[in-house]
Amino acid sequence: MKETTKSYTVQEAFQALCRYCVYQDRCHQEVEQKLIDMNMIPEARAQIISDLIRHDFLNEERFAMNYAMGKFNQKGWGKIRIRQELKRRKVSDFLLKKALDQIEDRVYRKKIKDLAQKKFSQLGKDTSWKSKSKLKNYLMYKGFEPDIIYETINNFMKF
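Start counting the sequence shown at 1; every next residue gets the next number (UniProt numbering).
Since the hints were derived computationally from the structure, they do not count as laboratory data.
Incorrect hints may have been included.
[Said to hold, decoys possible] Capping the alpha-carbon separation at 27 Å, the derived lysine-lysine pairs in DSSO-like fashion look like this: (1) Lys79 to Lys134; (2) Lys113 to Lys90; (3) Lys71 to Lys132; (4) Lys118 to Lys90; (5) Lys130 to Lys118; (6) Lys71 to Lys6; (7) Lys6 to Lys75; (8) Lys87 to Lys75; (9) Lys97 to Lys111; (10) Lys110 to Lys136; (11) Lys136 to Lys125; (12) Lys79 to Lys130; (13) Lys110 to Lys87; (14) Lys111 to Lys98; (15) Lys130 to Lys87.
[Claimed, not checked] Ranges between beta-carbon positions, derived for each pair: (16) Lys130 to Lys6: 51 to 57 Å; (17) Ser7 to Tyr141: 29 to 35 Å; (18) Phe94 to Asp114: 20 to 26 Å; (19) Glu104 to Gln15: 37 to 43 Å; (20) Tyr150 to Gln47: 47 to 53 Å; (21) Gln11 to Met140: 45 to 51 Å; (22) Asn155 to Lys98: 29 to 35 Å; (23) Lys134 to Arg62: 21 to 27 Å.
Just so you know, these numbers come straight off a predicted model, no measurement behind them.
Just so you know, even glycine gets a beta-carbon here, dropped at the ideal spot from N, CA and C.
Construct all of the structure, not just a fragment, from the sequences and the given hints.
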């Protein structure tokens, strides 16, 4: 059986992408991929993206800022992981830096300390090398910098 694909007019595609962008902030790459999936020709894709930007449905700076703060606050991600994810979404280096700079150092250090304390408690407050290694790996997975991880772990896991 042959699979049929829906074809969209430029206006229909624009309306669909407006809904897509209103639901959640999107980066240009996500919108571009959605248009490719809709089988839109390059000229139509460029026009639709331009219109989305003009009508403020698509804003890469807003996306980067909200993404960074959302992942930091909700998921407890560190700057390394946020940077990797924004780079994967082809966000410019300028916007990437701006998004990461909005995270205050004091708040950042409190977040890693809170995550470390929670994980340390889950490990039974065991100060063995194995527990220290598990804690370090957990914080690295979250995307925190090695020097901050070392400092945090050593502040409450005295050997």
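Checked hints:
1. For a cut-off of 27 Å, the pair hint linking Lys79 to Lys134 stands: about 20 Å separates their Cα positions.
2. Only pairs whose Cα atoms come within 27 Å are accepted, and Lys113 paired with Lys90 is rejected, the gap being roughly 30 Å.
3. A threshold of 27 Å between alpha carbons decides the hint, and for Lys71 with Lys132 the separation of about 25 Å falls inside it, so the pair holds.
4. Distance check on the hinted pair: Lys118 and Lys90 sit about 33 Å apart at the alpha-carbon level, beyond 27 Å; violated.
5. For the suggested pair Lys130 and Lys118, the alpha carbons sit about 17 Å apart, so the restraint of at most 27 Å is met.
6. Taking the CA atoms of Lys71 and Lys6, the gap is near 35 Å; set against the 27 Å cutoff, the hint is violated.
7. Note on Lys6 and Lys75: the hinted pairing is violated, with a Cα-Cα distance of about 37 Å set against a maximum of 27 Å.
8. With a CA separation close to 18 Å, the supplied pair Lys87 and Lys75 stays within the 27 Å bound.
9. Of the supplied pair hints, the one linking Lys97 and Lys111 holds, its CA atoms being roughly 19 Å apart against a limit of 27 Å.
10. Pair hint Lys110 plus Lys136 holds up; C-alpha atoms about 16 Å apart against a cutoff of 27 Å.
11. With a CA separation close to 14 Å, the supplied pair Lys136 and Lys125 stays within the 27 Å bound.
12. Taken as a hint, the Lys79 and Lys130 pair is honoured in the structure, with Cα atoms around 25 Å apart against an allowance of 27 Å.
13. For a cut-off of 27 Å, the pair hint linking Lys110 to Lys87 stands: about 25 Å separates their Cα positions.
14. Restraint check for Lys111 and Lys98: satisfied, since their Cα atoms lie roughly 20 Å apart, inside the 27 Å limit.
15. As the CA atoms of Lys130 and Lys87 are separated by approximately 33 Å, the hinted pair breaks the 27 Å bound.
16. For the pair Lys130 and Lys6, the supplied restraint of 51 to 57 Å holds, since their beta-carbon distance comes to about 55 Å.
17. Between Ser7 and Tyr141, the C-beta spacing of about 43 Å breaks the proposed range 29 to 35 Å.
18. In this structure the supplied range 20 to 26 Å is violated for Phe94 paired with Asp114, their Cβ-Cβ distance being about 30 Å.
19. For Glu104 and Gln15, the hinted distance range of 37 to 43 Å is satisfied, since their beta carbons lie about 39 Å from each other.
20. At roughly 51 Å, the beta carbons of Tyr150 and Gln47 sit within the given window of 47 to 53 Å.
21. For the hinted restraint 45 to 51 Å between Gln11 and Met140, the CB-CB distance of approximately 48 Å keeps it satisfied.
22. Asn155 and Lys98 have their C-beta atoms about 30 Å apart, which keeps the hinted 29 to 35 Å range intact.
23. In this structure, Lys134 and Arg62 break the distance hint of 21 to 27 Å, their C-beta atoms being roughly 37 Å apart.
Hint compliance for this structure: hints 2, 4, 6, 7, 15, 17, 18, 23 are not met, and every other hint is.
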